[in-house]
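We have chain A already, so just place chain B on it with the hints.
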Amino acid sequence: MDTWDTARSLLPGPFSGALARYPGAEEIRLRLGRAPGVVVGGRELRLCEERVTQDTLLHVLEKATGASLHAAAPALRGGYVSYRGLRIGVCGEAVYNGDKLNGLRSFGSLAIRIAHAELSECGPLIESLLRPQPQSVLIAAPPGVGKTSFLRELIRRAASLPLRVAVIDERNELSASVSGNPQFDLGQGSDVMVGVPKARAAMMLLRGMNPQIVAMDEITGEDELSAVEQLAGCGVQIYATAHGKNAEDMRKRTLYRELFARQIFGELVTIRCVGEKRVYEREAL
Amino acid sequence: MRKWAGFLLLQLAALLYASQLVQGRGRRTEALLSFCDMLAQLRGILEAEAPPMPELLQTLSRRCGGEAAAFVNALSASMDGLGSLRFQELWQDALRRSRICEDAVALRELDALGEVLGRYALPAQLDAVSACLETLRRKAEHTRREQPVINRLTWGLAFSCSLLCGILLL
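Residue numbers (this note's numbering), protein chains in the order written: chain A, 1 to 285; chain B, 1 to 170.
Bear in mind the hints are in silico, worked out from the structure with no lab data behind them.
Even glycine gets a Cβ: it sits at the ideal position worked out from N, Cα and C.
Just so you know, not all the hints are guaranteed correct.
[Stated by the list, open to error] Calculated from the model, a selection of chain A residues having no Cβ within reach of chain B, i.e. all distances over 10 Å:
no.	residue
1	E62
2	K63
3	R131
4	P182
5	P197
6	R253
[Unchecked claim] In silico EDC-like links for lysine to aspartate or glutamate, alpha-carbon gap of 16 Å or less:
no.	chain 1	residue 1	chain 2	residue 2
7	A	K63	B	E89
8	A	K63	B	E115
9	A	K63	B	D80
Next comes chain A alone, as it looks inside the complex (with noise of 0.2 Å):
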């Protein structure tokens, strides 16, 4: 099953009908009230004429969560839930414990994203940032375009060479992990961590797993920079995606720029839609 057969099996029964005239689709959002849109090209269109209701997000959301909303409240917390690989982003009422953020309920709008990167044209690029050795790559693009998907393939070939690659799957996006199982094919030698915040699992992996390479989705954070600076001040590489469109773009941020600073990675990838087409850039850092 892929991205989006999954998708159009958590939706209910007429907007599953009206998903299929959409085989491109990239994004489903359905907000309380109104009808239910869909983004293709990058573009929103209506799915269908029948409206959301609160039925419809909490059935979304239960068989998202395994009927686990309440196990699914970290995730929660952080405005998604995870599902095969699909990340579903929530809206909804803040629920606050003190000033501690519990949880959100009234949900209002959900946001089913559908990784659809066509791959096989940077299976060269790939190939060339795995040999003659694997070098630490930050992988650079906006929302949506398709960093996760190229991670997760840099991932799967490292670990077909096989090289012991440590997958930090913080929101259980890369691997879409059921009981400790990867739904994701991420390579003979990959281990993954899933659930646990970055810059801890990043400590937990070099102390137990030895890697050599340890891959993460999304720097956003300090503790994630010095994490990723004492990783590869052990020897070991780092592949991990950034928001941004490049370089320079990125240069303008505080904390990428002190990335850079720290040359930790050798090789920065950049990916932009060009119509519906990805275009695949290397620079040297």
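Using the frame of chain A, we list chain B on its own:
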């Protein structure tokens, strides 16, 4: 002679019927008590660990006994159907295959609980479990208190009715 045989048969039939009623009532009370125990366990596990529903059902299945264990096992086995059916429907279907469905009050309360479990935040689920448990416990307590009296009445009524019919027959 034939009249006496008929009299005895009538007595026997009435007592057998009374015995069935008493046993059925006993089984319903046991089912009610086992569901109370199951709900108390469910609340404890949810409070302590809040595990995903399939894991929760497996733990419950190991800890529960009686009619509730059969219900939990049936529900656990049907979880593969989640998606095509809602959890609430799976829950209700398993309930209707259990003896607890003979008790209208318990069935109504448990049905309502199925609408909340797994769908809402943890505090809402815990509140729903507590409310359901409270009602079922009250009902079980009431049934347990009343049962000996009702059983005696059943036996007495069966005996006296069959005796009356026998006297008329003779």
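Against the structure, the hints come out as follows:
no.: 1; hint: E62; in the structure: violated (6 Å)
no.: 2; hint: K63; in the structure: violated (5 Å)
no.: 3; hint: R131; in the structure: holds (41 Å)
no.: 4; hint: P182; in the structure: holds (17 Å)
no.: 5; hint: P197; in the structure: holds (19 Å)
no.: 6; hint: R253; in the structure: holds (35 Å)
no.: 7; hint: A:K63 <-> B:E89; in the structure: holds (13 Å)
no.: 8; hint: A:K63 <-> B:E115; in the structure: holds (14 Å)
no.: 9; hint: A:K63 <-> B:D80; in the structure: holds (11 Å)
Consistency note: the structure conflicts with the earlier hints numbered 1, 2.
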